[in-house]
Amino acid sequence: MSLVFVDGDLVGKTDAARDIAKKIIDGRRNGDINQNVNVRYREDIDSLIINTEGGRLTRALIVVKNGKPLVTDEDIDLLKQGRINWDDLIKRGKIEYLDADEEEDAYIALDEKSLTEEHTHLEISPLSVIGLQAMMLPFVNHNNAHRSVIAIKSVQQGVGIYSTNYRMRMDNDIIVSYDQEQPIVKTRIYDKENIKAHPIGKNIVVAVMSYLGYNMDDAIIINRSSVERGLFRSSFFRPYKVAELHYVGGQKDEICIPDKDVIGYKSEDAYRLLDEDGIVSPGTYVEGGDVLIGKVSPPRFVSSIDKFRLGIQKRVESSTECRQTEHGTVESVFVSSTSEGNKYVSVKIREDLPVEIGDKFGTRSGQKGVVGMLFKQEDMPFTQSGIVPDLIFSPYSIPSRMTMGFLLELIGGKVGSLGGRFVDGTPFIGENEKDLRAELESYGFRENGVEKMYNPITGDEIESKIFVGNMLYTRLKHVVTNKIQWRAKGPVQLLTRQPTEGKSKRGGLRLGEMEKDCFIAYGAALALKERFDSDKVTIPVCSKCGTVAVYNVKKKTGYCPVDGEDAPIKLIEVSNSFKILLDELKSMGIYPKLLIGSRI
Amino acid sequence: MKIEVPKKYIEKFIEKYGKNADIGRLQAAYERSLITKGEDVGVIAAQSLGEASTQLTLRTKHTAGIAALNTTSGLPRIVEIFDAKKEISTPTMNIYLKPEIEKSKQKVAEFANKIIEIKASDVITSYNISLRRKELTLFFDKEMLRSYGFTLKDIDRKLSDIKLNTSIEENRIIIKDQSADSVKKLIRLRNKIINLTLSGVKGISRVIVNETEEKKYWVMTAGSNLKDILKMDEVDQSRTMSNNIIETAEVLGIEIARNLIIKETLETLENVGLVVDIRHIMLIADAMCFSGEVKGVNRYGITGESSSILARASFEVPLKHLINASLEHDIDEFKYVANNIISNQVAPVGTGSVKLISLDYGRKDEGKPEGKNKEK
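Protein sequence lines correspond, in order, to chains R and U.
Heads up: the first sequence begins at 1 in the working numbering, then just goes up one per residue.
Heads up: the second sequence begins at 601 in the working numbering, then just goes up one per residue.
The hints are simulated quantities; they were obtained by calculation from the structure and are not laboratory data.
In this text the structure is predicted, and so the values were computed from the model without any measurement.
It is possible that part of the hints are untrue.
Unchecked claim - Here are the simulated BS3-like cross-link-like pairs (lysine-lysine), alpha carbons at most 25 Å apart as the crow flies:
#1 R:K570 x U:K935
#2 R:K593 x U:K935
#3 U:K935 x R:K536
#4 R:K516 x U:K935
#5 U:K802 x U:K707
#6 R:K153 x R:K544
#7 R:K516 x U:K955
#8 R:K266 x R:K252
#9 U:K827 x U:K895
#10 R:K579 x U:K935
#11 U:K719 x U:K831
#12 R:K579 x R:K554
#13 R:K570 x R:K544
#14 R:K586 x U:K935
#15 R:K516 x U:K637
#16 U:K920 x R:K586
#17 R:K536 x U:K955
#18 U:K935 x R:K544
#19 R:K593 x R:K556
#20 R:K544 x R:K554
#21 U:K920 x R:K579
#22 R:K593 x U:K920
#23 R:K544 x R:K579
#24 U:K895 x R:K570
Said to hold, decoys possible - Derived list of chain R stretches under chain U, where covered just means 3 residues or more per stretch with a C-beta under 8 Å from a C-beta of chain U:
#25 462-471
#26 570-577
Unchecked claim - Chain U residues, not near chain R, derived (Cβ > 12 Å throughout):
#27 L626
#28 E639
#29 Q647
#30 I729
#31 K742
#32 R757
#33 I787
#34 L798
#35 V872
#36 R879
#37 A887
Ideal Cβ placement from N, Cα and C applies to all residues, glycine included.
Chain R on its own, in the form it takes in the complex:
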């Protein structure tokens, strides 16, 4: 007696669970039962599970009977002619959707070749074992699965034209690359999904070799001349958005050039770029600290209104300025209103991002790296036919990661660019290696893709043959310009007088506990003291009783709260955090005393 569950509810018992399951499946294929009903008999808990509700993940499979798929070649011909469609196949029970439960009872063949009598279903395409994003990667079946995951992450971070109306949009932190292409080696799904409209990457000439040590450890070398011709040229957009707010009491913000009597007025120079309406005009070059949108607000707290003065309340400056570390040209200015009817202004800044050392690039096989050096064309090695690579990739990145897809894409790209055609790199069912090699050979190149190259400095032939070809490289959104940070001196925290933290606050880089240990282990005690001098203070201490005294530096006089005027006061240098520690101990009721000099 097995239990019957419909959508998780126990509805009854039955003796013929398997028969019911079979009847439901047959009924669904005949069209008597809705195609979205799935059924499964679970032996371990002896129950029949019927699922009808929405929200389940289902996938389409070809039904197999006696080792023969129900979708025949005739059906495919009819489909091609457009005389039947997908829904017709489902209605005829040739294709059905299985959910996670029913899939457990199915025995699915990956392709037609491996079909046997026991199989119940056949994959429509072997591609469907991987996800949509992985289908976009060429020859992904030749790569380590883990690498493919990394490759998907890389592709997601690629910059290209993410949306064709990007100039109208006000998205935050956007990088757009202009000269992107669709890949030479692409997959079939690439055309089906219309990714062509949003290309990420460019087909460039890649040489796999180490060159002067600038591409060790996953670094890459890029041809500076190519960059100067516009390779991977991108722009970074940052919108600044401001709304005129209404406050309680009828007061409101005002977007304008602030008057000089406004509290917190910056300087005339800071407002120089503003037009009459208090907003910068498109095409202006702005730098960090320049005001983009001038705004004055009523004071945040309705402070003590002078009883004797009936003047207008002073207003507070609240302008929006360009970020300290950024600069660029004003791309566009939008003036609009919010849903509450307040004036709304957004200014978009565009910053040009040519390729520089430290920018990140990736391929579609998980081989990502940063630019280690940019060489001029005349300093790059060249092939016998005069081809100069745009990028030099390190061969040491290949063996440990086993990304054979990378190598196949390189050969495929070479074949494609020589033959003037696209290469099908669809996983499992794409063009195979042998044919690609043969085609490459027919163009007069070595079938394995290597070529003779020459050292640009000496003109000598490079001893080994270099593997060179074309492949799609993608610029990733991590660019140094947005990340670089340094500090020699700068803002400090109010309480501890230690340097602030974080890039936006021009913060310092922390010398932490473990770094401190390294200084000690090295024996550099004086260097360590200097590193920690950032918050040093000089405090007067009464050398008689050990308390912190009061001292006038100019008059060179002072007194001790305990011992009075005649107390011998000494100035000592300690860290401000130590002074705070002493103060906090005192507030806890612990009385710390400093014994100075030769008292012990």
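For chain R, the structure is supplied; the task is to place chain U on it using the hints.
Same frame as chain R, but now just chain U:
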């Protein structure tokens, strides 16, 4: 400054290389291996071991080898050693027997079977408590008893040894306790009986006989009881050892415990393929053992005994140390690294350990001009 090479090294050197050998070479080698003054060996030892243990967390390898005894390894074991845990998770012993016994596999196996601890709970199938009759009835399975090699009388004798009033009936033993006035008391009595060792050495739950390359046999045990094992006649006291450091310190003394710390640490690291210089571990072992008892590297052990208040306070539970220091009127002499870092002074290590002293008419200045001390 000429550094004197200790006499014992010179003697060894001459012994090895002959009288005509160049003593200068020994001098150079000796000087090279000395630590410079001011070198912070403690931090270097900590870093050397700390770097290795970051890799320990990443790869924990199971030892597939001779015996199926699964001992704690990797980082958990390192933590166990340096924390000086009283009860380690997998205590084991390597028991070596006297030369005349260890060649015979049969004799070693006999010995191994002898030391397995059999508890009363292993043979008792069930029990019954009656408060009215003030008695506790234990039921036994005769088949099982025979397989362990006991009779009811043996068990009865054992129980009588701990002064219990017992009687045998068929397959059960009835224990009368006239003083029992509550079920609690009877259950306590039962718990006492269940933990009774019927035969073997207390604490040893499993034994495995291993063979060396020279066809000699030795015993590996799960569970450790060094004191009782060393008393046995068959055992070779010079080679038998336990991996429980605290127990070893109690039974064999602090020097052996120190050597055991070094040996266990090196072996644990070696198992995962790491090499740390023995001198770093020796330093830590010395620090743990020099007081005469094994102390862990934690706030209850050597870190909590640092003489600097601020160094202790900056490690763990600062308030406790600060308040105690103020009550005891403690003085922190600012001789350590931690307190000098906190107050931004030059720490007395490395370049900070030397000072410039101005000579005024040949007379030394008194005291240190910049040294500050803190009192609570």
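Cross-check of the supplied hints:
1. The hinted pair formed by K570 (chain R) and K935 (chain U) meets the criterion: a straight-line CA distance of about 21 Å does not exceed 25 Å.
2. Proposed proximity of K593 (chain R) and K935 (chain U) is supported: the alpha carbons are some 17 Å apart, at most 25 Å.
3. With a C-alpha separation of about 20 Å, the suggested pairing of K935 (chain U) with K536 (chain R) holds against the 25 Å cut-off.
4. Distance check on the hinted pair: K516 (chain R) and K935 (chain U) sit about 17 Å apart at the alpha-carbon level, within 25 Å; holds.
5. Only pairs whose Cα atoms come within 25 Å are accepted, and K802 (chain U) paired with K707 (chain U) is accepted, the gap being roughly 21 Å.
6. With a CA separation close to 67 Å, the supplied pair K153 (chain R) and K544 (chain R) exceeds the 25 Å bound.
7. About 22 Å separates the Cα atoms of K516 (chain R) and K955 (chain U), which keeps this hinted pair within 25 Å; it holds.
8. At most 25 Å may separate the alpha-carbon atoms for a hinted pair to count; K266 (chain R) and K252 (chain R) meet this at roughly 21 Å.
9. Distance check on the hinted pair: K827 (chain U) and K895 (chain U) sit about 21 Å apart at the alpha-carbon level, within 25 Å; holds.
10. Distance check on the hinted pair: K579 (chain R) and K935 (chain U) sit about 19 Å apart at the alpha-carbon level, within 25 Å; holds.
11. The straight-line distance between the Cα atoms of K719 (chain U) and K831 (chain U) is roughly 21 Å, inside the 25 Å bound, and the hint therefore holds.
12. For the proposed pair K579 (chain R) and K554 (chain R), the alpha carbon gap of about 22 Å is at most 25 Å, so the pair holds.
13. Of the pairs offered as hints, the one joining K570 (chain R) and K544 (chain R) holds, with about 10 Å between alpha carbons and a cut-off of 25 Å not exceeded.
14. For the hint pairing K586 (chain R) with K935 (chain U), the CA-to-CA distance comes to about 23 Å; that is within 25 Å, so the pair holds.
15. A threshold of 25 Å between alpha carbons decides the hint, and for K516 (chain R) with K637 (chain U) the separation of about 20 Å falls inside it, so the pair holds.
16. For the given pair, K920 (chain U) sits about 15 Å from K586 (chain R) by alpha-carbon distance, which is consistent with the 25 Å threshold.
17. A hinted pair counts as satisfied when its Cα atoms are at most 25 Å apart, and K536 (chain R) with K955 (chain U) qualifies at roughly 22 Å.
18. Taking the CA atoms of K935 (chain U) and K544 (chain R), the gap is about 22 Å. The hint holds against a cut of 25 Å.
19. Between the alpha carbons of K593 (chain R) and K556 (chain R) the distance comes to roughly 23 Å, so the proposed pair stays at or under 25 Å and holds.
20. Taken as a hint, the K544 (chain R) and K554 (chain R) pair is honoured in the structure, with Cα atoms around 23 Å apart against an allowance of 25 Å.
21. Using a Cα cut-off of 25 Å, the hinted pair K920 (chain U) and K579 (chain R) holds, with the two alpha carbons roughly 20 Å apart.
22. With a CA separation close to 19 Å, the supplied pair K593 (chain R) and K920 (chain U) stays within the 25 Å bound.
23. Distance restraint check for K544 (chain R) and K579 (chain R): the Cα-Cα separation of roughly 19 Å lies within the 25 Å cut-off, and the hinted pair is therefore satisfied.
24. Note on K895 (chain U) and K570 (chain R): the hinted pairing is violated, with a Cα-Cα distance of about 42 Å set against a maximum of 25 Å.
25. Coverage of the region 462-471 of chain R by chain U is violated [criterion: at least 3 residues with CB-CB distance below 8 Å; count 0].
26. For a cut-off of 8 Å, the count of residues in the region 570-577 of chain R with a CB near a CB of chain U stands at 5, and the three-residue condition holds.
27. The Cβ of L626 (chain U) lies farther than 12 Å from every Cβ of chain R, with a closest approach of about 27 Å, so its non-interface assignment holds.
28. With a least CB separation of 6 Å from chain R, E639 (chain U) falls inside the 12 Å interface cut-off, contrary to its annotation.
29. A Cβ of chain R approaches the Cβ of Q647 (chain U) within 12 Å, the least distance being about 6 Å, so the stated non-interface status is violated.
30. Remark: the non-interface label on I729 (chain U) is consistent with the geometry, its nearest Cβ contact in chain R lying 41 Å away (cut-off 12 Å).
31. Non-interface status of K742 (chain U) relative to chain R is upheld: no Cβ of that chain comes within 12 Å, the nearest being about 41 Å off.
32. With a closest Cβ-Cβ approach of about 52 Å to chain R, R757 (chain U) is found to remain outside the 12 Å limit, as its non-interface label requires.
33. For I787 (chain U), the non-interface assignment is confirmed: its Cβ lies about 40 Å from the closest Cβ of chain R, beyond the 12 Å cut-off.
34. With a minimum CB-CB distance of about 44 Å to chain R, L798 (chain U) clears the 12 Å threshold, and the non-interface call stands.
35. The beta carbon of V872 (chain U) sits about 21 Å from the closest Cβ of chain R, which is more than 12 Å, so the claim that it is off the interface holds.
36. The claim that R879 (chain U) is not at the interface with chain R holds, since no C-beta of that chain comes within 12 Å of its own (minimum 15 Å).
37. Every C-beta of chain R lies more than 12 Å from that of A887 (chain U), the closest at about 17 Å, which supports listing it as non-interface.
Violated hints, in rising order: 6, 24, 25, 28, 29; the structure is consistent with all others.
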